[in-house]
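Novice: Generate the whole structure from the sequences, applying the supplied hints.
Residue numbers (my numbering), protein chains in the order written: chain V, 547 to 827; chain F, 102 to 424.
Keep in mind that the hints were calculated from the coordinates and are not lab data. Some hints could be false.
[As the list claims (entries may be wrong)] Partial list, derived from the structure: chain V residues whose beta carbon lies under 8 Å from chain F:
no., residue
1, 557
2, 562
3, 564
4, 567
5, 635
6, 638
7, 642
8, 703
Remember, it's a predicted structure, so these values are computed and weren't measured experimentally. All residues carry an ideal CB built from backbone N, CA and C; glycine is no exception.
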Amino acid sequence: MNERGRRFWILATVFALFTLFLYGPMIAIVTLSFQGPEGGLTFPMRGFSTHWFAELWKGVGVVDIWAAFGRSLRLGVIVSALTLAICVPAALAYRIGFRGATLLFYTVIASLIMPSIVVSLGIGLEFRLMDDEIRTVITSHETSSGLFTSALGAHLTWTLPFGLLILLAAFNRFDRRYEEAARDLGASPGQTLWLVILPIIAPSLIGIALFGFTLSWDEIARTSQAIGGRNTLPLELRGLTQTVTTPAIYALGTVTTAVSVLAIGTCLGLITLLRRRRVRH
Amino acid sequence: MTSIERAPGPLTPPSEEVVAPGHEAAATHGIAPRSILNSPYALIAPLAIVMLIFFVGPLILTLIVSFWNYTQYSIEPAFTTVNYYDVFYGCVARLPDLCVTFATYLSTLKFCLIVWAITLILGFVLAWFIVFEIKTVSTQIVLFLICTIPFWTSNVIRMIAWIPLLGRNGLINDTLMGLGLTSEPIEWLLYSDFSVILAFVHLYTMFMMVPIVNSMLRIDKEIIEAARDAGAGTLTIALLVIAPLCRPGIVIGSIFVVTIVMGDFLTIGVMGGQQIASVGKVIQTQLNFLQIPIAAANAVVLLGAVLVIIWGMTRLVDVRREL
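Specialist: See the structure below:
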């Protein structure tokens, strides 16, 4: 018992230190974003103010940060919706089975673990070649790559694998007797899906929406070579880290993280709510 | 299903068996009404098309263009191996001196190995704590979420968040100097190999921990009791009993960490102060100069290297059985 107690406390200490390591830096920049007007990029705090948020609101550097903010927000919502809209039917197809299922599965896995720079290069290249083809037909200086074409695709190569894996796992634990009962009672396939299957896997669906939005909202590596003229917020942020030398950059970090935390909180809250309701019924 | 059932994570949820593809009998027995929901090819089409356009297509094009010619402002169809020759320029002739490519791969592999070892040990210990030392499921879920929530926030912000702590005038240097432990700031804390490794561990331990948690949840806890009754100490149990049973999780986590570090250009760029070379950065730089064919050749070589590593690892585990 004594040895067991000692092991528990050693491991608990490791866990606590890891938590500190995980959240410490984040807490530091959130704190520093409330730095007083005379304060700098490092501690100590010189007063406490929302000065740098006001500065951020006015805009930092030459880029229009709030336009990028809006673009990333829209893209995140679209990626999230598309991830759900594509993964749910795909997972249903996997339950039925089809030719090439294993090949597609490993393609999706490959998409997940492929080095991001390779994916990004490939998509950027694909759109560049497409532009060249288009220009042989019509004279144009427009590019086909952009936020809702190449960047959207780049994000999907990252979010779809997560979505599919979560759903395949959810369906592996799914008790088929529920839908057989629904069918025996005369439900159509559509009714079975809407009224039985989707409500049961609802927590997983919320999880996928969360993955879709947050992974897109923060994505850089795959977007970097596959974005057209207008950058997403993380790309602008990376650029700003090299030019902005005031706590305004931390204020931007705090705002960006707040959006992520809001998304995470909403989703976890919804999942908890669903579980509570389920327990009550 | 006793634990962390709903915890989101790529490979988290445990299960006993996989629905084999082609196993159609169960879903379509009886009189199946005609519906798009009974047509797997219509259901899978969107995913297949997206994967084709944005993943398979680009990879094939990368392979093709790696054999093209390029000038300062354009790329031209051709079939030449000159790009690959350029990638490995001087690599054989100058041995035993390392050419640029070999030196870069060696440096990247060094990061890979160090980060892999640290995340493996850390991920294993954290997973052990959550799975075996915590008794209630709700506490397990909370601790699991504590470890995974940062995954859903921005990597760049999590990187720059180290600057006020590690910088010349950062918290750590200030504290050390305040305590009189050093007389001047330690320079190697930031923009160094150290800060790159720190950031990798900070960002990606979760990728190692989650699959190991998934594997550990399936281990019958009585095995540990049995080993203990047989006289094994904690370390013996961890290495000889639990680690082998966690092999699938360890392999999946390792694949994640190794592929991320091998292709990285962002973390090494930001945390290395743009001074440390990596394979990903080489490709990125060539793309900036629009030397697309040689960047493509480099990407193909990188992909080959990563595939060899993954192939070695997957020989140890069947991914589909792990969902």
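Novice: The structure should be examined with respect to each hint, and the outcome stated for every one.
Specialist: Hints, verified against the model:
Contact between residue 557/V and chain F, as hinted, is supported at the beta carbon level, the nearest pair being about 4 Å apart and thus within 8 Å. Taken as an interface hint, residue 562/V does not check out: its beta carbon lies about 10 Å from the nearest beta carbon of chain F, beyond 8 Å. Annotation: interface hint on residue 564/V holds; nearest CB of chain F at approximately 6 Å, less than 8 Å. A distance limit of 8 Å between C-beta atoms decides the matter here; for residue 567/V the minimum to chain F is near 7 Å, and the interface restraint holds.
Nearest Cβ of chain F to the Cβ of residue 635/V: about 4 Å, under the 8 Å cut. The hint holds. Annotation: interface hint on residue 638/V holds; nearest CB of chain F at approximately 5 Å, less than 8 Å. This hint holds: residue 642/V has a C-beta 4 Å from the nearest C-beta of chain F, less than the 8 Å allowed. Look at residue 703/V: its Cβ gets to within about 5 Å of chain F, closer than 8 Å, so that hint holds up.
Going down the numbered hints, you'll see the structure goes against just number 2.
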